[in-house]
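J.: Residue numbers (our numbering), protein chains in the order written: chain B, 165 to 405; chain U, 35 to 301.
The set of hints was computed from the structure by calculation and includes no laboratory data.
Beta carbons: idealized from backbone N, C-alpha and C, even for Gly.
Possibly wrong hints are sitting among the right ones.
[As the list claims (entries may be wrong)] Here are some chain U residues pointing at chain B (derived, C-beta under 8 Å):
| hint | residue |
| --- | --- |
| 1 | 46 |
| 2 | 49 |
| 3 | 50 |
| 4 | 174 |
| 5 | 198 |
| 6 | 243 |
| 7 | 246 |
| 8 | 247 |
| 9 | 249 |
| 10 | 250 |
| 11 | 251 |
| 12 | 253 |
| 13 | 254 |
| 14 | 255 |
| 15 | 256 |
| 16 | 261 |
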Amino acid sequence: MIEFQHVSFAYEKDRPVLQDLSFRIEKGEAVGLIGANGAGKSTVMKLLLGLAEGEGRILVEGTEVRRDSLPVVRRKLGFVLQNSDNQMFMPTVYEDMLFGPLNYKLSREEADARVDAVLEKLHLEDLKHRYNHKISGGEKRMAAIATVLTMEPEAILMDEPTSALDPYNRRIVINTIRELEQTKLITSHDLDMILDTCDRVILLSEGCIAADGPAREILYDRMLLERNRMELPLSLMGRSD
Amino acid sequence: MNKMQRAIRELSEMDELAAGSSLIHALHPAAKLVTTVVYILVTLSFDKYDLGGLVPMLLWPVLLFQVSGIEVKACFYKLRIVLPLVMAVGLFNPFFDKAILLQLGGLPVSGGVISMLTLMLKGVFCLMASFLLMATTSIDSLCAALRKLHVPKLIVTLLLLTYRYVGVMTEELAVMTDAYHLRAPGQKGIHISAWGSFLGQLLLRSMDRAQELYSSMMLRGYCQEFYYADYRAFRLGDALYVPASSTAFFLLRTVRIAELLGSTIVR
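Isolated chain B, as found in the complex (with noise of 0.2 Å):
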């Protein structure tokens, strides 16, 4: 599905982002990106999105990404941004849910049958005429996943998807999350919420893959996340090893 074949970006001459990153992800998998601050995990995202440009080839159901390509690709793709306020640029969540679909050249009743559905599968009815700028945030992460599932992409990428939620709205994302079929691929700090929603983890160090396997692998491993500045998930906290 999603494929990064000697993948490498810098935004600076001497400085590389990514070196040399190869991975491959398959239909329905549900992959977390891990890694610390400027490990490179949102450019990545960049990268697979056609925001940026960088060496290697990337793949996405066997489209290379490029310029020319980017209308194939982004249709494929659905991305959830970390700041709901910045994927949420219409009045309603019912508009910004139409916003996709209509770009897609679906006509208005497709379109507007494709909202109806995902607002029902996500129990967001009630959303629908509401406000952007009224609903709250854990209401808004929900819309901005619901705009993305409009579009009815092949996978899911989501940035931080459970940041600066309460812990009621976390857990709502978190199952949202985890029944939605589509290859997901998530980058987040939030290592619980990689643990209940990802079957494996590819954990980013300076740019370079440090590990890539299951789950509860390389979340169990407090070494190698310690390593890489990072801790174990907190519900692991205080296990015996």
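Use these hints to put chain U onto chain B, whose structure you have.
T.: Quick look at chain U alone, frame taken from chain B:
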């Protein structure tokens, strides 16, 4: 709540007003837009001394306020900053045009005073009409109407994004102002020494946020053409609204209603 947060709230209140459900709200945005333009043109066409002829033009906004259920005070409250500027346009007329045109209860009234009042009323009426258009039509509908009227998409998109980014910029300004005042207690406003860095930071932060918003749009298939969510077909009622309103404006412009009423009462 600081000034900036109030500004954001006022912006969003306009969206809420536009989401009403009156007869005027239900009209097609293109019909409302054309009618407002016609109203403004007719209002501006009055002679600078034709105060009596101009006053009845107030009937139209009054009627719209009644039908749409929008409060007049909301209009004047939201226009409180721009109204004094509009009113100030003819402020110097009495000094340049001193010819006495009429006597009001023995009090001589110069042409300058009349032209000043005419200019003020023209400004106020045009602002009221523009406010009513904005308060009964969402920005998306308005932009959709502009596209329907074949206004170039570059201009329409620019208008829409400017409207959206004003909110973004104001939000950033609100956060920065709060941060400033928390570290400068008792200080009124922003000290002149901080203006440069304040504006620079505001620009950079707004650009960052604007870039992220734009990325979010691009990732959802945006390619320089908005598909406006609030779209609906043009119906017979909309088609009748434009000529009916324009005829009313034409009558208000040509029939001297104030004089007719005056002469009827005097007789």
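J.: Next step is simple, just say for each hint if it's right about the structure.
T.: The hints, checked one at a time:
| no. | hint | verdict |
| --- | --- | --- |
| 1 | 46 | holds, 5 Å |
| 2 | 49 | holds, 5 Å |
| 3 | 50 | holds, 7 Å |
| 4 | 174 | holds, 7 Å |
| 5 | 198 | holds, 6 Å |
| 6 | 243 | holds, 6 Å |
| 7 | 246 | holds, 4 Å |
| 8 | 247 | holds, 5 Å |
| 9 | 249 | holds, 6 Å |
| 10 | 250 | holds, 5 Å |
| 11 | 251 | holds, 7 Å |
| 12 | 253 | holds, 5 Å |
| 13 | 254 | holds, 4 Å |
| 14 | 255 | holds, 3 Å |
| 15 | 256 | holds, 5 Å |
| 16 | 261 | holds, 3 Å |
Comparing the model with each numbered hint stated earlier shows that all of them hold.
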